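The residues making up each chain are set out below.
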Amino acid sequence: EAQVTQNPRYLITVTGKKLTVTCSQNMNHEYMSWYRQDPGLGLRQIYYSMNVEVTDKGDVPEGYKVSRKEKRNFPLILESPSPNQTSLYFCASEGPYEQYFGPGTRLTVT
Amino acid sequence: TQLLEQSPQFLSIQEGENLTVYCNSSSVFSSLQWYRQEPGEGPVLLVTVVTGGEVKKLKRLTFQFGDARKDSSLHITAAQPGDTGLYLCAGAFEYNFNKFYFGSGTKLNVKP
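As they're listed, the protein sequences go chains A and B. Taken in order, the first sequence gives residues 1 to 110; the numbers are from the working numbering. Taken in order, the second sequence gives residues 1001 to 1112; the numbers are from the working numbering.
FYI, nobody ran anything at the bench for these hints, they're computed from the structure. Just so it is clear, the structure is predicted and the values come from calculations on it, not from any experiment. We put the beta carbon where it would ideally sit given N, CA and C, even for glycine. Keep in mind that the hints are not guaranteed to be accurate.
[Unchecked claim] No more than 25 Å apart at the CA atoms, straight line, and that leaves these computed lysine to aspartate or glutamate pairs for DMTMM-like:
id : chain 1 : residue 1 : chain 2 : residue 2
1  : B       : Lys1057   : A       : Asp56
2  : B       : Lys1056   : A       : Glu98
3  : B       : Lys1099   : B       : Glu1038
4  : B       : Lys1099   : A       : Asp38
5  : B       : Lys1107   : A       : Asp59
6  : A       : Lys65     : B       : Glu1041
7  : B       : Lys1099   : A       : Asp56
8  : B       : Lys1059   : B       : Asp1083
9  : B       : Lys1070   : A       : Glu79
[Unchecked claim] Distance ranges between label pairs, derived from CB positions:
id : chain 1 : residue 1 : chain 2 : residue 2 : range
10 : A       : Ser67     : B       : Ala1078   : 20 to 30 Å
11 : B       : Gln1014   : A       : Asn73     : 38 to 48 Å
12 : A       : Asn28     : B       : Lys1111   : 35 to 45 Å
13 : B       : Glu1094   : A       : Asn51     : 14 to 24 Å
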């Protein structure tokens, strides 16, 4: 079964405390993305990766880092989280003309 | 400013009614997708349209891609409470068909 998994699903943290959200896919897709979803703004792409060791900025990359050391994994790193990064985050794995989304990570930064 | 504008933003209807949701842009897309998202879950792909004028049907859902590939519509016939959710459209350009631009969504509530 095609699957994208994310962990954790919920996270409450404090300003400045580094955190990582993991993402893994089992479809052997080369292309993966991270999005954040905020009310009234829809889904906005943070970073994407076209293959192992190939990453690039999306539309809202400030304050985030990513890495792609293996094809299946694409972690999102917040080195110093701030309250404006409170949001719902989705990892996506992409084939031509289709995307599979993970279940989401709800992050609250206080 | 978003590349894709969806309307209406909110829609509350009775079970059995028909409805249409619109996704409009001034840009030409090589493909356009529709997703449905339920609370607490990730979006799930419903359909991809790639040809101008294309019409696709998925049971009670009918999707249309505009002739100029700048807009799309989703029509639901005889809506059911199970259709409740957030409907998102997303477009991709020919030069980077893996990068998707999302509309802000239409929140549909179907009352029994």
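Cross-check of the supplied hints:
1. B/Lys1057 / A/Asp56: violated, 36 Å
2. B/Lys1056 / A/Glu98: holds, 16 Å
3. B/Lys1099 / B/Glu1038: holds, 23 Å
4. B/Lys1099 / A/Asp38: holds, 19 Å
5. B/Lys1107 / A/Asp59: holds, 24 Å
6. A/Lys65 / B/Glu1041: OK: A/Lys65 and B/Glu1041 at ~24 Å, within 25 Å.
7. B/Lys1099 / A/Asp56: holds, 11 Å
8. B/Lys1059 / B/Asp1083: holds, 12 Å
9. B/Lys1070 / A/Glu79: violated, 39 Å
10. A/Ser67 / B/Ala1078: 20 to 30 Å: Violated - the Cβ-Cβ distance for A/Ser67 and B/Ala1078, about 48 Å, lies outside 20 to 30 Å.
11. B/Gln1014 / A/Asn73: 38 to 48 Å: Distance hint for B/Gln1014, A/Asn73 holds at roughly 46 Å.
12. A/Asn28 / B/Lys1111: 35 to 45 Å: holds, 43 Å
13. B/Glu1094 / A/Asn51: 14 to 24 Å: holds, 20 Å
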